[in-house]
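J.: Here is how the chains run, residue by residue.
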Amino acid sequence: MDLKELLTIAAKEEEEAKEICINCCTAAGCNAANAVELKKNLDKAVKAAGLDHKIEVQSVGCMGLCGRGPLVEIDPDNILYEQVKPDQAASIVDAVNGGETTAIQFDMEHPFFAYQFPIVTENSGRIDPERIESYIAVGGYQQLYKVLYEMTRFELINEITVSGLRGRGGAGYPTGLKWGLSAKMPGNQKYVVCNADEGDPGAFMDRSVLESDPHRLIEAMAIAGYAVGANHGYIYVRAEYPLAIKRLNKAIQQAKKYGLLGSQIFQSNFDFKVDIRIGAGAFVCGEETALIASIEGKRGAPHPRPPYPSEVGIWGCPTVINNVETYANIPVILREGGEWFANIGTEKSTGTKVFALTGKVKNSGLIEVPMGMTIREIVEEMGGGATVGSTIKAVQTGGPSGGCIPASKLDTPVDYESLQELGTIMGSGGMIVVDSETNMVDFAKFFMEFCRDESCGKCIPCRAGTVQMYEILQKIAEKRATQADLHILETLAPMVKETSLCGLGQSAPNPVLSTLRFFREEYLELIESSHNGKVPVSAERIDKS
Amino acid sequence: MAVKSIKINGRMVSARAGESILEAAEDAGIHIPRLCHVEGVSDVAACRMCLVKVEGNNKFVPACMTPVEEEMIVETETPKLQEYRRMIVELLFAEGNHVCAVCVVNGNCQLQDLAIEVGMDHSRFEYRFPVRGVDLSHRLFGRDDNRCILCTRCVRVCDEIEGAHVWDVAGRGSKSRIVSGLKEPWGKVDACTECGKCVESCPTGALFFKGSAVGEMERDRDKLKFLITARQKKEWTR
Amino acid sequence: MTKIKLATVWLAGCSGCHMSFLDLDEWLFDLAEKVDVVYSPIADVKEYPEGVDVCLVEGAISNEENLEFIHQVRERTKFLISFGDCAVTANVPAMRNMLGKADHVLRRAYLELGEVTPQFPHEPGIVPELIDRVTPVHEVVPVDLYLPGCPPPAERIRAAIEPLLRGEKPVMEGREMIKFG
Ligand SMILES: Cc1cc2nc3c(=O)[nH]c(=O)nc-3n(C[C@H](O)[C@H](O)[C@H](O)COP(=O)(O)O)c2cc1C
Ligand code: SF4
Ligand code: SF4
Ligand code: SF4
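Protein chains in written order, with this note's numbering: chain A, 1 to 545; chain B, 1 to 238; chain C, 1 to 181.
Honestly, the hints are just simulated from the structure, not real lab data.
Careful: at least some of the hints might be erroneous.
Calculated lysine-lysine pairs in the DSSO-like style (CA-CA distance at most 30 Å, straight line) [stated by the list, open to error]:
| hint | chain 1 | residue 1 | chain 2 | residue 2 |
| --- | --- | --- | --- | --- |
| 1 | C | K101 | A | K475 |
| 2 | A | K479 | C | K78 |
| 3 | A | K497 | B | K7 |
| 4 | B | K59 | A | K184 |
| 5 | B | K188 | A | K298 |
| 6 | A | K298 | B | K59 |
| 7 | A | K475 | B | K175 |
| 8 | C | K169 | B | K80 |
| 9 | A | K184 | B | K4 |
Computed spacing ranges between beta-carbons, pair by pair [to be verified]:
| hint | chain 1 | residue 1 | chain 2 | residue 2 | range |
| --- | --- | --- | --- | --- | --- |
| 10 | C | H122 | B | R132 | 23 to 33 Å |
| 11 | C | V127 | A | L524 | 32 to 42 Å |
| 12 | B | L136 | C | E64 | 34 to 44 Å |
| 13 | B | L136 | C | R108 | 17 to 27 Å |
| 14 | A | G281 | B | S42 | 26 to 36 Å |
Heads up, the beta-carbon is just placed ideally off N, CA and C, and yes, glycines get one too.
Please work from the sequences and hints to get the whole structure.
T.: What follows is the structure in structure tokens.
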């Protein structure tokens, strides 16, 4: 493969493209709502109408409005139909041909779409994720060619540094710095890892990228490999994502066939191969040191950092480990330039962020917005506010490691620093809208239960502390608790945070600390109504008498 | 040999390069509480007892796995650290079933000692009373899971010193357990050489010699040290 | 000088802590000069009095009677001491917790292991019902001082009580004072 061949494939795709394209989402969300049958019916309807020469029915990845799937989009008219039933296929084809349809149309000018800024998801819902040609047609693999022939490793890393890109897996560490560290490490054997473990409950940003645009990830990993001097990459993906695994496998096969993976890529002297490693769905295996242990075939338990993986990673070799979304930004940064990227978002949080907007909100789904947009714009305008008959009480970000933002602080911009100031984190992109029906103690308890069950058990504060914190929350929720229990909770939470070995334990108390900070009265109400009003005598009172 | 000067609790201490804070403190006669550390085998920093404060670092670091660095300023006994250590020990007592009064190592137990050291006179955390078993299938030794604190000393000693790798950790979170072989009764695990090193290494009464009644069992803690010195320094006498 | 009102109570324990207390031998005479023993299993007093200054509580909370009584004791006592491991950790009496709830325990003890006439003990008003989970005293009512040990050695008891007689809080530190077992 050389550049000319690549461009030929792209041109051929373009040429063969039909006048109209009916994009039918077959990613996991729509799939669950019977999108596969819909796609079949669309195919049949086009054939029946004798329009095969003019209309292409394409199976595509996520279009974002997952709460209203299955979704069908008509290209180039830019019409979106929501909640399409398989028997509406024929009427949609009719409509394309100038007729009427019974399918519900969703307004593309609605803020849900209008406010988006697709970088990571630019191809999602537009290309066929199972055909490499479809990716090549939109410029795919050209950036890999560019770095191999036009950039030195350090120019490349510099470009990423200039972009200000920070890790999207949770901690927000600058990607350029991470790559620079690994690149400078001596040794011939290095690794590149893509963290596709996505274990936060309710999060599906990474799955969407994997299912909608897998080649983008492969291209980005190869670029990272070139940057740090690694020729072996691993994608660590959870077993719960069978469609993503299938599409990744297919993508790797196709890329190999075209010589875009393997030895002497684009006839350069750069070799790169990618293997998939399937995780068994332990949340802690998303933590980088545990993930590395798991790739090595060991028990997925974290170990202390430093040393960081960029210095000592898989089998002791320097290893760059990045999140799916982090990688997905790379080709665009190289195409448009680091400066361009740095101008999007805020000064310290550049670019965009993909959020999985869920909970008690009208329009749930996947959105990609520039950093710095306010939570209010996201949940009230894009999300359409709380579901009918309730009001928004809080918005939770960062999943089990994060915290909540009370309704009074909805004007907070989404950037790493602002969220941290409020005691929550950007996290991987889960955004849950909580309404007035939900009790915040129950809410904190839900996440604590998750952390308790997902703790690896290696270190004591997390293993035993999450159990104790959960029990106290349970006691409070069941109105069996006293002030003394609350006091124990409030001494235990910071202890677990400060003494746990890895990020899981260090952040497990966050939902409790955050709800205590903003919704303390809900805890107190439950405690005061405990024991049917009969509160046991306290030691302090007796001391004074 | 490169020497690093560090300050521990306000005292100047010189340490060998590559040495851990724990070793440097120990050499200087400064005791840092620890539980999962055993001299001569790899460290895991799991018990969090040896966490110390290092100036300029906003997180506590485990003394056992943190190498000394020139001009490091270490505090090992801040009020917060003392309070956290006590909470860790309380969590351990509340998590298992420790009935010292009827335990083979009563009076000769490192967990019990630690409770005294951190000043624990009761546990503020509710006892969990988990259902755990006892394995008496081995000819010479027994294992009472009720007293196991998951320090993994036995796992590492068996793997790294004896080379038999009889022990491992199975399960997750509070359900994690030490298992022998492929979760078989200890007596059925052929790999066990009956050397007894795991029993010597166990800080609590979880692993014991059969035939010892309450408070009777004493360990030969120096045996492991002797073996390690013998290997590393070729000194073969005790 | 008014004497300090001292009480000792015996819940779910083996009475070993009380035995250890009696091991204080002649010091008990010194003690008797400073305190009035207003309630104790070794004194024939039926009702736990009001206005007790110090109470040593031996034993865990294991049945309905213990539960009711400890609340009364707490309400009528200024300074409550968890006396011995059963009171502090629930110790041996709590080993039944691992068998499950009260009915499992009773079934095991009286039916499965009952050799002659297997039957449940049931005598309302005379035999108190077991509660499902045996707990240390401080999980039920607030405790002012913990005096661990199984039993606490006589010297430890003395070292804890002596300062109290002077109106000071004893220092519970070190192997001599807080070793369990
Ligand atoms: C308990 C835990 C779970 C994590 N799970 C994930 C995950 O599912 N996906 C992910 O990308 N990062 C996860 N991380 C963060 C990773 O450790 C690591 O920081 C990240 O993969 C680095 O990539 P980035 O710099 O691109 O964000 C997790 C961290 C912790 C502590
Ligand atoms: S903090 Fe939790 S998950 Fe992390 S090492 Fe400790 S026990 Fe395991
Ligand atoms: S192992 Fe130690 S702490 Fe546990 S019961 Fe035995 S003596 Fe007590
Ligand atoms: S058996 Fe003993 S040495 Fe092994 S993990 Fe348990 S407490 Fe530690």
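J.: Hints first: check each against the structure and report whether it holds.
T.: To see whether the hints hold, each was checked on the structure:
{"no.": "1", "hint": "K101/C x K475/A", "result": "holds, 19 Å"}
{"no.": "2", "hint": "K479/A x K78/C", "result": "holds, 28 Å"}
{"no.": "3", "hint": "K497/A x K7/B", "result": "holds, 27 Å"}
{"no.": "4", "hint": "K59/B x K184/A", "result": "holds, 26 Å"}
{"no.": "5", "hint": "K188/B x K298/A", "result": "holds, 24 Å"}
{"no.": "6", "hint": "K298/A x K59/B", "result": "holds, 27 Å"}
{"no.": "7", "hint": "K475/A x K175/B", "result": "holds, 21 Å"}
{"no.": "8", "hint": "K169/C x K80/B", "result": "holds, 23 Å"}
{"no.": "9", "hint": "K184/A x K4/B", "result": "holds, 26 Å"}
{"no.": "10", "hint": "H122/C x R132/B: 23 to 33 Å", "result": "holds, 31 Å"}
{"no.": "11", "hint": "V127/C x L524/A: 32 to 42 Å", "result": "holds, 41 Å"}
{"no.": "12", "hint": "L136/B x E64/C: 34 to 44 Å", "result": "holds, 36 Å"}
{"no.": "13", "hint": "L136/B x R108/C: 17 to 27 Å", "result": "holds, 20 Å"}
{"no.": "14", "hint": "G281/A x S42/B: 26 to 36 Å", "result": "holds, 28 Å"}
Violated hints are absent here; each numbered hint is respected by the structure.
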